[in-house]
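Visitor: Assemble chain B onto chain A, guided by the hints.
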Amino acid sequence: MSHEPYARPPPGGQPPYLHREYGSTVKRAPSRALLPLQQTLSEVTGPRFRAEPELIDLTRQGKGEALGQRIVVAGRLIDQGGRPARRTLVELWQCNAAGRYLHGKDQHDAPLDPNFTGVGRAITNDEGEYRFLTILPGAYPWRNTYNAWRPAHIHFSVFGPAYATRLVTQMYFPGDPLLALDPIYNSVPDEAARRRLISAYDPGLSQAEYALGYRFDVVLRGRESTPFEGPR
Amino acid sequence: MSGQPATPSQTVGPFFRLGLDRPEWNDLTRDGPRGEKIVIEGRVLDGDGAPIDDAVLEIWQADAEGRYDHPDDGRPADPRFHGFGRALTDEAGRYRFVTIRPGRVAGRGGALEAPHVNLTIFARGLLKQLVTRIYFADEPSNDSDPVLSGIAEPAVRRTLLAGRQDGGAAYRFDVVLQGKGETAFFDL
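Chains as they are written, first to last, in my numbering: chain A, 72 to 303; chain B, 116 to 303.
No false leads were mixed into what you were given.
Derived contacts from chain B toward chain A, CB cut-off under 7 Å, selection only:
1. GLY118
2. PRO120
3. ALA121
4. PHE130
5. ASN233
6. LEU241
7. LEU292
8. PHE300
9. LEU303
Derived lysine-lysine pairs resembling BS3-like cross-links, with alpha carbons at most 30 Å apart:
10. A/LYS98 to B/LYS243
11. A/LYS176 to A/LYS98
12. A/LYS176 to A/LYS134
13. B/LYS295 to A/LYS98
14. A/LYS176 to B/LYS243
Read the hints as simulated data drawn from the structure, not as lab findings. All values derive from a computational prediction rather than experimental measurement. We put the CB at the ideal spot given by N, CA and C, even for glycine.
Same shape as in the complex, but just chain A (with noise of 0.2 Å):
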């Protein structure tokens, strides 16, 4: 039985609430200074989840399959010490090639693929590894600020072992233009933890004649101090 507490972020490591270049920030940020918490057991215990069943092929969940450029999302979910995060729930969503979200609030003219639902969950192995073979999504614009187009991106939500642990977060293509300009991933003051946010290119994950690979590792946070194992 273990109460040690997670880690806080460093300052700059997170968004904050408010940031008023994302408008939708201004009125549901709170106004008051978060309170402090010492961590219980309320905090460093967490759900687990054994049996859930895994939607890792997105290409494939219609009649025939869905149109884009076929992509590997893969990677790795560690604490901040190189710990794998295992047997734990990843659930994403996408928009489809066209930049549109199969969601009746969606209303982007772009088509809509009805081989394509841009649903994805998986359960990372013991080594904390996800594998899901999906299409590259669009850009898409949003009302923002005017003629404002998010980068293209995948939303990820992930548990790992704790409450504390807790993260939904986006994951972006590398060398994209409109990061540079999107408010949300410039939310982010640190520019280390900024750029966790982006996946990397990786030969050794794309499939010959197939798929292109996208490698993502998301890192949790991890305990404030870890006690020394082994041999003393």
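Guide: Here is chain B on its own, set in the frame of chain A:
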């Protein structure tokens, strides 16, 4: 702790329903656990008092005996209880969980904490989740709870208390993200 920087959070955006909608997950009692069955429901509101129809709420709680189903608790928890739940708000900003009233749980230094439900809120416009706790207004042990006692202002403390509605099994807990009646959120 040293080591590499953690991956930052990003908003769930407006289209999370695709990936996160798991309707059965709002009922933590679906396998028939021990304990007093309750409903926790309420609304999520923004700084104008307008309902937020695109929020995801997740709860994590102990079973009726105050045990978390997790190795760091170490005690066997009720195998029929799902300690984790998820609910999405509707067009009026409402959410609803069916669960059991948790037992008191071990706090720091061996002190017991009052029964509570840990609540996380995700939404468009939240670049990072908000974290709070739902306590029960009719619980005598609240007075000795270290987290509640650590909140100096009574009006702020009260935002963490869910009250019974009409003497029934339903507790009401509204989440106000900003402004008048703003919920107390924690730096986890």
